[in-house]
Amino acid sequence: FDSVDDLAENLRFIDSYGPSSIAELLKYSTVEEETKVISDCTLIMEYLIEANEEVINSLNACFSEAEEQNEQGLVDLLGARIAAHKKFGWMLKSTNKEE
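Going from the sequence shown to this note's numbering is simple: count from 1 and add 218.
Rather than coming from a laboratory, the hints here were simulated on the basis of the structure.
Treat the hints with caution; some may be incorrect.
Stated by the list, open to error - Think about it this way: if two alpha-carbon atoms lie no more than 25 Å apart in a straight line, the pair counts; the simulated SDA-like pairs of lysine to any residue are:
(1) Lys315 with Asn275
(2) Lys305 with Glu250
(3) Lys304 with Ile262
To be verified - The calculated label-pair distances, taken between Cβ atoms and stated as ranges, are:
(4) Phe306 with Asp233: 28 to 34 Å
(5) Leu243 with Lys304: 20 to 26 Å
(6) Gln290 with Ala269: 26 to 32 Å
(7) Gln290 with Thr253: 38 to 44 Å
(8) Ala226 with Phe306: 19 to 25 Å
(9) Thr248 with Lys315: 24 to 30 Å
(10) Val222 with Asn278: 17 to 23 Å
(11) Ser257 with Asp224: 19 to 25 Å
(12) Leu243 with Glu271: 16 to 22 Å
(13) Glu272 with Lys315: 16 to 22 Å
(14) Gln290 with Asn314: 35 to 41 Å
(15) Thr313 with Ile232: 32 to 38 Å
(16) Tyr265 with Leu243: 15 to 21 Å
(17) Glu285 with Ser257: 38 to 44 Å
Quick caveat, the model's predicted, so the values are computed rather than measured.
Each residue gets a CB set at the ideal place from its N, CA and C atoms; glycine is no exception.
Could you build all of it, start to finish, from the sequences and the hints given here?
In structure tokens:
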């Protein structure tokens, strides 16, 4: 959750604002909400893996834009978030792996 505050601060550094409500945040979401109840743990893990990959793709797009705009602080923050989500991804995949 600390990353949310860091991201909000970096947005202010570049004279921008983050979403101020859940409804506004959802307008920018690239991850589709799953509305049905999933009781199979393997399917839940697969959904989480796919959602995390989508987050990584979005972060990569933001990273490229921040690089293009020469916003080094934001590049550093986004690079750290990408690394954290990649780590989370391999942890999810490892947990979901059938032996």
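- prompt: Measuring from beta carbon to beta carbon, are Gln290 and Ala269 in 26 to 32 Å?
  reply: Holds, since Gln290 and Ala269 (Cβ atoms, about 29 Å apart) stay within the stated range.
query: Can the suggested window of 19 to 25 Å be confirmed for the beta-carbon pair Ala226 and Phe306?
result: The hinted range 19 to 25 Å holds for Ala226 and Phe306, with Cβ atoms some 21 Å apart.
message: Assuming the hint says 38 to 44 Å, is it satisfied by the Cβ distance from Gln290 to Thr253 or not?
response: Distance hint for Gln290, Thr253 holds at roughly 40 Å.
query: Within 38 to 44 Å or not, the Cβ separation of Glu285 and Ser257?
result: holds (43 Å)
task: Look at the Cβ atoms of Phe306 and Asp233 and judge whether their distance stays inside 28 to 34 Å.
output: 31 Å Cβ-Cβ, so the 28 to 34 Å window holds.
field: Range hint compliance [Cβ, Tyr265 to Leu243, 15 to 21 Å]
entry: Hint holds: Cβ distance 19 Å, inside 15 to 21 Å.
query: Cβ-Cβ distance between Leu243 and Lys304: within 20 to 26 Å?
result: holds (23 Å)
field: Verdict for Glu272, Lys315 (Cβ pair) under range 16 to 22 Å
entry: holds (21 Å)
query: Can the suggested window of 32 to 38 Å be confirmed for the beta-carbon pair Thr313 and Ile232?
result: Since Thr313 and Ile232 have Cβ atoms about 37 Å apart, the given range 32 to 38 Å holds.
message: What's the verdict on Lys305 and Glu250, does the C-alpha distance respect the 25 Å limit or exceed it?
response: holds (22 Å)
message: For the hint 19 to 25 Å, verify it against the beta carbon of Ser257 and that of Asp224.
response: violated (36 Å)
- request: For Thr248 and Lys315, compare the CB-CB distance with the range 24 to 30 Å and indicate the outcome.
  value: About 26 Å separates the Cβ atoms of Thr248 and Lys315, which means 24 to 30 Å holds.
Violation of the numbered hints given earlier is confined to hint 11; every other hint is satisfied by the structure.
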